[in-house]
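Asks: Sequence:
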Amino acid sequence: MNILGISSKQKTSFTKLLIDLTILFFLTPLASNRFGYLIISFGFLMTNLLVVNTLSMPKLWIYILRLLAGLSFILDILYFEGSIILNTLTNLVAQISYASFLILAILAIGSRIFSQIRVDLDVINGGICIFILLGFLWLMFYQIILIFDPDAFHLSSSVLELENGYEIVYYSFTTLTTLGYGDIVPVNKFAMTLAISEAIVGLMYPSIFIARLVGLYTTQAKANEDRSNIS
1 MNILGISSKQ KTSFTKLLID LTILFFLTPL ASNRFGYLII SFGFLMTNLL
51 VVNTLSMPKL WIYILRLLAG LSFILDILYF EGSIILNTLT NLVAQISYAS
101 FLILAILAIG SRIFSQIRVD LDVINGGICI FILLGFLWLM FYQIILIFDP
151 DAFHLSSSVL ELENGYEIVY YSFTTLTTLG YGDIVPVNKF AMTLAISEAI
201 VGLMYPSIFI ARLVGLYTTQ AKANEDRSNI S
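Numbering-wise (the numbering used here), the sequence shown opens with residue 1 and increments by one.
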């Protein structure tokens, strides 16, 4: 059994996941306060569970992943009054767990859409899901860096505060799309390396995905033409 496979019975799974990711993306500005952060955390939990439901895995793995998704959510929302060490530790484990889920989702969806022989809406939606998931994945990487080095990024505007939460989301997606406004700049070497790698992925992935779609469409069109000539 393909552990990273997608069940062929769930043909509309990518559409549901894309809707969920789109809603989650537009809700991320709510992370500026505690209540909004809880909403975003719950959104990530729903996304993780939806990703698990699209995977073709043994039931035991499904149960384990669901348990990990719930554990990540609990760790993410836990807050120990007056205990910086416990809050830092739970936050670190939560970010690592979220990153693991996103890596799994990207690999699983990628294995499906790049093994297809026909272009359809499911393939296109899956490709878009991967691009959005990449932005969230690097967000988790940056959050992990910030746990070890709170000054890993320099903000050119005093209005921006990384503590508000949304700014690092904004930075991740502007880097992924190679906009790079320059209002948030990485000064930590690991953060710099992550930013460079995200920009490279942001350039390469759309090119590879579009090339794959064109190849599938060309093959599909040629096959249709051959059938027409035979008939």
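Simulated from the structure, these hints should not be mistaken for lab results.
Please note that the accuracy of each hint is not assured.
[Claimed, not checked] Label pairs and their computed distance ranges (CB to CB): (1) LEU121 <-> ASN87: 39 to 47 angstroms; (2) MET192 <-> THR218: 18 to 26 angstroms; (3) ASN53 <-> THR218: 17 to 25 angstroms; (4) MET192 <-> LEU92: 17 to 25 angstroms; (5) LEU89 <-> ARG66: 42 to 50 angstroms; (6) SER156 <-> SER197: 33 to 41 angstroms.
[To be verified] Below, a list of computed lysine to aspartate or glutamate pairs in the EDC-like style, where the Cα atoms sit at most 16 angstroms apart: (7) LYS189 <-> ASP151; (8) LYS16 <-> ASP122; (9) LYS189 <-> ASP149.
Cβ atoms here follow ideal geometry from the backbone N, Cα and C, with glycine treated the same way.
Asks: Next step is simple, just say for each hint if it's right about the structure.
Replies: Tested hints:
1. As the Cβ distance of LEU121 to ASN87 is approximately 43 angstroms, the hint placing it in 39 to 47 angstroms holds.
2. Look at MET192 against THR218: about 40 angstroms separates their beta carbons, and that is not inside 18 to 26 angstroms.
3. Between ASN53 and THR218 the Cβ separation comes to about 33 angstroms, which falls outside the hinted range of 17 to 25 angstroms.
4. As the Cβ distance of MET192 to LEU92 is approximately 21 angstroms, the hint placing it in 17 to 25 angstroms holds.
5. Between LEU89 and ARG66 the C-beta distance comes to about 23 angstroms, which lies outside the given range of 42 to 50 angstroms.
6. Roughly 23 angstroms separates the CB atoms of SER156 and SER197, a value that falls outside the hinted 33 to 41 angstroms.
7. With a CA separation close to 11 angstroms, the supplied pair LYS189 and ASP151 stays within the 16 angstroms bound.
8. For the suggested pair LYS16 and ASP122, the alpha carbons sit about 10 angstroms apart, so the restraint of at most 16 angstroms is met.
9. For the given pair, LYS189 sits about 11 angstroms from ASP149 by alpha-carbon distance, which is consistent with the 16 angstroms threshold.
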